[in-house]
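Chains as they are written, first to last, in this note's numbering: chain A, 261 to 533; chain B, 460 to 768.
Quick caveat, the hints were computed from the structure, so don't treat them as lab data. Remember, predicted model here, so these are calculated numbers, not experimental data. Heads up, some of the hints might be wrong.
Some, not all, of what chain B presents toward chain A, calculated at C-beta under 7 Å [unchecked claim]: (1) R673; (2) R715; (3) E728.
Subject to a maximum C-alpha distance of 20 Å in a straight line, what follows is the list of computed EDC-like cross-link-like pairs (lysine to aspartate or glutamate) [said to hold, decoys possible]: (4) B/K743 <-> A/E375; (5) B/K743 <-> A/D334; (6) B/K742 <-> A/E425; (7) B/K742 <-> A/E373; (8) B/K743 <-> A/E439; (9) B/K742 <-> A/E484.
Stretch by stretch, here's where chain A covers chain B in the computed footprint (C-beta under 8 Å, at least three residues) [stated by the list, open to error]: (10) 612-620; (11) 638-649; (12) 716-724; (13) 733-743.
Even for Gly, the Cβ is constructed at its ideal location relative to N, Cα and C.
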Amino acid sequence: MQELLRFEDVSYAYELGRDALRGLTVSVAAGERVAVLGSNGAGKSTFFLLAGGVLSPRAGQVVFEGVPVRRAADLNRLRRGVGLVFQDPDVQLLAGTVEQEVSFGPMNLRLPENEVARRVDEALAAFELTEYRHRAPQYLSGGEKKRVTLADVLAMKPRLLLLDEPAASLDPAHARQLEGHLARLHEQGLALVVATHDVDFAWRWARRVLLFRGGQLAADGAPETIFADRALLAACGLEQPVLFRAGRALGLNPLPRTVEQLEQAVRPKGDRE
Amino acid sequence: MRRIPKPEPMSLLAGALAALVGASLLAGSLPRPWTAGLSLALGLALALGGHSHGAAACIDRLAHTSRWAGLNAGLKTTGCCVLLMLTLCCRTPWPPLGLFVYTALLCMAGGVGVRRYLGLLALPAAFLLLSAAALLWHWAPAPGGLASVPFLGGWLVLDAAGQATARLVVARALGALGCLYWLSLSTPLPEVLEVLRRVHVPGPVLDLAVLIYRYIFVMLDTAARMRVSAASRLGYEGAGCGLRTTGLVYANLLGRSFGRARVCQQAMESRGWEGDIRFLVRKKPVRAAHLIPFAAPAAVMLLALCLGG
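Chain A on its own, in the form it takes in the complex (with noise of 0.2 Å):
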C-alpha cells in the first residue's frame, strides 16, 4: 500500500516544559481505516493538528507523499491533501449559507468558479444536503451541521481524511447515518483515521488502532492485538469491547465485528439445543 503520511519522532509543546506530543513515529497508507483512542489530553487532537498541517512540529518531521514538509508549498501540499473534521461543527462552520460553506475549501484552492460549483453540487448531494444549500447554518441540527462539516472537507478531495470524535453529540440514528457515509468515503479508496473514545466503534469499524497516552503512542496494531492487552487498556483507561469479550467467552473464531455477525456465529448452536 501506498504511504500518505509519515510522523517521523515528531514533538509538539503548546507551553514550555510540558509536550502535549512526544516522539511520535507513526505511518499511515492510502485506503486505510485507523481508529485513534486514548483518553481526554493524550494527544489525539494534537496528532490531528500536525497531521491537518495546522501546528507545525516543535521537533522531528512529517513526510506527505514522500516529501517532507519544510515550506509553505509543502504545507499547502498537505492542507490539500489531508482534510480536517473538528469535533465541534460549530468551530468549522462560518458561511452564511451551507453552499458558501461548502465552497469555502475550493474557493481556497484557488479553483475556477465553474469547478468549485461542480465540487460543491457534488458533496451536497453526496451528504443529501441538497435541499439545505441556501439555509444558514446556525438553523441547521447537529446532525445536519455534522454533515455540513463532512462536505466541507470532501469538497476539497483529501486522500486522508481526519475525524476528530464525529459521533460526539450525535443521535444513534445519526451516529448510524455516518457510519454509513464513512464506509461509503472508504470504498472511495480515502485512508480515513477517527478519534473516538468509543472502543465498541473502533472494534466493528477500524482496521488498526493507535493506542495514545500521555502524548506518547503507547500501541500500534491490528485491534484483535490491542483490545486482547487488558493491562494496556486499563492504563490508558479504556475497556474492551463489548462485542470482543462477547466473542471471547463463547470462544469464537473468528472474533464477531458487529451483532448480525454474533448472531451468526451463536445460531447453529442454538438450532441443536
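Model the placement of chain B on the given structure of chain A, informed by the hints.
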C-alpha cells in the same frame, strides 16, 4: 416553561412617548377628538408591539425566509439606496410617509407579521420619538404658540415652526427606516456583504463582517445555554443575584470567545485559508418584473418632488 408575556415597562414608556409626540405633531391640524384618537392608537400600537428580544437572530431568520429573498441583492440594495436618497430630498412629510407605509406593506407581504414589525420598530422608535419631542417643544419665558405647559418658572411651548420641522424630520426618518428595514428583512446579510465586495469595500472589513455575523449566532447560542444553566441553579432569583449572574455569564463568554477564536482559526487554516475569505456566489438574475417594486415608488416620489413635495 414559558412565562405569559407581561407588558414591559420600556414598551409602556415608549407607548406614552409615542402618544405625546403624536398629539404634538397633529395638534392644530385635525379636530381634537381625531388628534386624541390617532395619538392613542399610535401609543397603544407601540406599547403592545413591545420591544423585541434577540432582534439580531429575529431579523436574520426573517431575511432568510422572506418571499423577497430570491430577488437579486444588488438590485435590492441599489433600489433601497435610491429610495433613501429621494426620501432625504423631500420637502413635505407626505412622500416619505407614503414610502414608509409602502415598505412596511412589502415587508408584511414578504412574511413579516404586523406585531413582529412593530416590535422591531420599537428600538429606533424610542430614539426617533425623543428627538421629535425635543424638536417640537422648546422652553420660552411666556406662553404662546399652539400649546404651552408651565415648566421651571417659564413655559414649554409647542409652535407651528417646530411642528413643521418635526413632522418633516420624523417623516424622513420613518421613510429611511422603512427602506432599511425592507432591505434587511428581505436580504440575508451574506448577500449584502457580497454586494459591498463588488463595489470594492476593502476585503479585511468584509472578512471581519463575515466572521462577526457567523459568531454572533454561535455566541448567542452559548450565552443562551449558559443562562439556562445558571437559571436552573437559581442564578436569577432576586435583582442582585441576577445582576451578578449576568456579569459572570458575560465574563465567561469573553473568555470562551478567545479560546474559540484560536480553534476557529485552526479550522480555517486546515481548509487552506491564506488570509482572505472567499465563497462561491451564485448569480440571481434580474428580470424586468423585479424592477417594479423599486421603480414604481421611485417614480411616484420623483413626481411628488417635481410638484414641490
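Hints, one by one, checked against the model:
Because the closest C-beta pair between B/R673 and chain A is about 6 Å apart, less than 7 Å, the hint holds. With a least beta-carbon distance of about 11 Å to chain A, the hint placing B/R715 at the interface is violated under the 7 Å criterion. Here the hint on B/E728 is kept, as its CB sits about 5 Å from the closest CB of chain A, short of 7 Å. For the hint linking B/K743 to A/E375, the alpha-carbon distance of about 19 Å falls within 20 Å, and the restraint holds.
Restraint check for B/K743 and A/D334: the C-alpha separation of about 38 Å exceeds 20 Å, so the hint is violated. In summary, the hint linking B/K742 to A/E425 is not supported, as the alpha carbons are separated by about 37 Å, beyond the 20 Å threshold. In summary, the hint linking B/K742 to A/E373 is supported, as the alpha carbons are separated by about 12 Å, within the 20 Å threshold. Between B/K743 and A/E439 the CA atoms are separated by roughly 37 Å; this puts the pair beyond 20 Å, and the hint is violated.
Distance hint between B/K742 and A/E484 is unfulfilled; the C-alpha atoms sit about 54 Å from each other, more than 20 Å. Here the region 612-620 of chain B counts 0 residues with a CB under 8 Å from a CB of chain A, which misses the bar of 3, and the coverage is violated. Only residues whose beta carbon comes within less than 8 Å of a beta carbon in chain A count, and the region 638-649 of chain B has 3; three or more means the coverage holds. Look at the region 716-724 of chain B against chain A: 3 of its residues bring a Cβ nearer than 8 Å to a Cβ of that chain, three or more, so the hint holds.
For the region 733-743 of chain B, the proposed coverage by chain A is satisfied: 7 residues have a C-beta within less than 8 Å of a C-beta in that chain, meeting the threshold of three.
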